[in-house]
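K.L.:
Chain by chain, the residues:
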Amino acid sequence: MRDRTLWTWHIFAGAVILVFLGLHMTIMHLNGTFPTFNNPFGGEAESWQNVAARARNLFFTVTYVVMLGAALYHGLFGLRNILLELDPGAGLRRSINVALSVLGLALFAFGAWVAATAPGVVSRMGG
Amino acid sequence: MPDTRMKQVVFHLRRYEPGKDREPHWEQYKIDSPPGMTVLDGLWKVKELFAPTLAWRSSCRMGICGSCGMLINGRPRLACNTQISELQSDVVAVGPLPNFGIIKDLVPDLHPMFEAHRELMPYLIREDLQEQDSPTGEYWQTPHELERYLQFSYCIKCGCCMAACPTMATDPQYSGPMPLGQAHRYNSDTRDGGFAKRRELLEGGRGPWRCHFAGECSQVCPKGVDPAKAIQMMKQDLVFDLLKLRVRKPAARLVDKPCGKRREDIPAAPPRTVTG
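Respectively, the protein sequence lines represent chains A and B.
For what it's worth, my numbering labels the leading residue of the first sequence as 1, then goes sequentially.
For what it's worth, my numbering labels the leading residue of the second sequence as 128, then goes sequentially.
Just chain A, with the same shape it has in the complex (with noise of 0.2 Å):
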């Protein structure tokens, strides 16, 4: 895929965890803002029961994934360009790519899975 492509997607997954990370800092932080949403038992939104709730919701589900495949991506573009900084010859380059990707593939099919089976583990441990 050619650069341009490629670091277009970065910007893209830059943007998206910008509005991921504001989400984030919403419900972590400002617990009274959508109660009967990110916080629907109240107090400490890190409370097992609320962690829980938003475990079973589909909507924090998809953000989950959404946000692992952005960061990821974001993370190891940077990483890449990192290490192409050092001036690996054209084999070593092309090593680092095919690297990079089955790292960061490995990374979102395992994080996905435990956000898809999330909501089957809580109810199993009372949640």
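What the hints contain is simulated information worked out from the structure, not anything from laboratory work.
Heads up, a few of these hints could be off.
Ranges of calculated distance between the beta carbons of each label pair, as one might list FRET restraints [as the list claims (entries may be wrong)]:
| id | chain 1 | residue 1 | chain 2 | residue 2 | range |
| --- | --- | --- | --- | --- | --- |
| 1 | A | Val51 | B | Gln363 | 39 to 47 Å |
| 2 | B | Leu369 | A | Gly43 | 45 to 53 Å |
| 3 | A | Met28 | B | Ser216 | 48 to 56 Å |
Chain B regions said to be covered by chain A (calculated; three or more residues, Cβ under 8 Å) [claimed, not checked]:
| id | stretch |
| --- | --- |
| 4 | 232-238 |
| 5 | 297-309 |
| 6 | 324-332 |
| 7 | 361-368 |
Counterexamples of contact, computed for chain B against chain A with all Cβ distances above 10 Å [as the list claims (entries may be wrong)]:
| id | residue |
| --- | --- |
| 8 | Val136 |
| 9 | Asp319 |
| 10 | Gly321 |
| 11 | Lys350 |
| 12 | Pro377 |
| 13 | Arg380 |
For each residue, glycine too, the CB sits at the ideal point set by N, CA and C.
Assemble chain B onto chain A, guided by the hints.
P.N.:
Relative to the frame of chain A, chain B by itself:
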């Protein structure tokens, strides 16, 4: 009251002669420096008095030709445009521009810069080749459209921006601030229709994507050009083009030359010296 006193300065010069020296080394020369003396004047004096084989490039002596770009006291500058007094030091350290090979002493090998410049087609690209070769009219452009690229056209290709760029120091694929700035200068020119051709190179590794926006290129430019801005605007243009949001306009139309009556006392143009 201007300072008219003569003072002594020490020139630390980076010397290197391929085939003779294994690596560049420093040599020192002490000279008298009257007020107003430029670094270029100082080099001439060193060459006259102490080092007749000292090599550098210079031509116009007035900051126009861009030949005498050098690393002067740690910063890329034009030797002709830098007075010794403004360095506020009794030591003047002069080396060849970094990020380039060295041909001899203070002469950098600018070939890679001009090759990248050539690849990015720094000229008007239009379909009416016949009109460009033998103009019958003028291309329409408003003053506002001119201002969009005017400052980038002040570039004198001295290479100072390339020497200051941290990305150039590590990435041989990167085209660099001067060629990219000039590509943007022509992409922004409403008379030009070559965006699609330049895009072939710009959307890949030779494009602006490795620029970190350190901004050093704009800081050191002796002509006040802002290549960092050109590179960011080029990124915007290319991303908008990818997203099909770029407004595409045809290259500026041809208009007739001013049709006032020609003065009779204007001599005819000399015959063309270049044919074909």
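K.L.:
Identify every previously stated hint that the structure contradicts and give their numbers, smallest first.
P.N.:
Failing hint: just 4.
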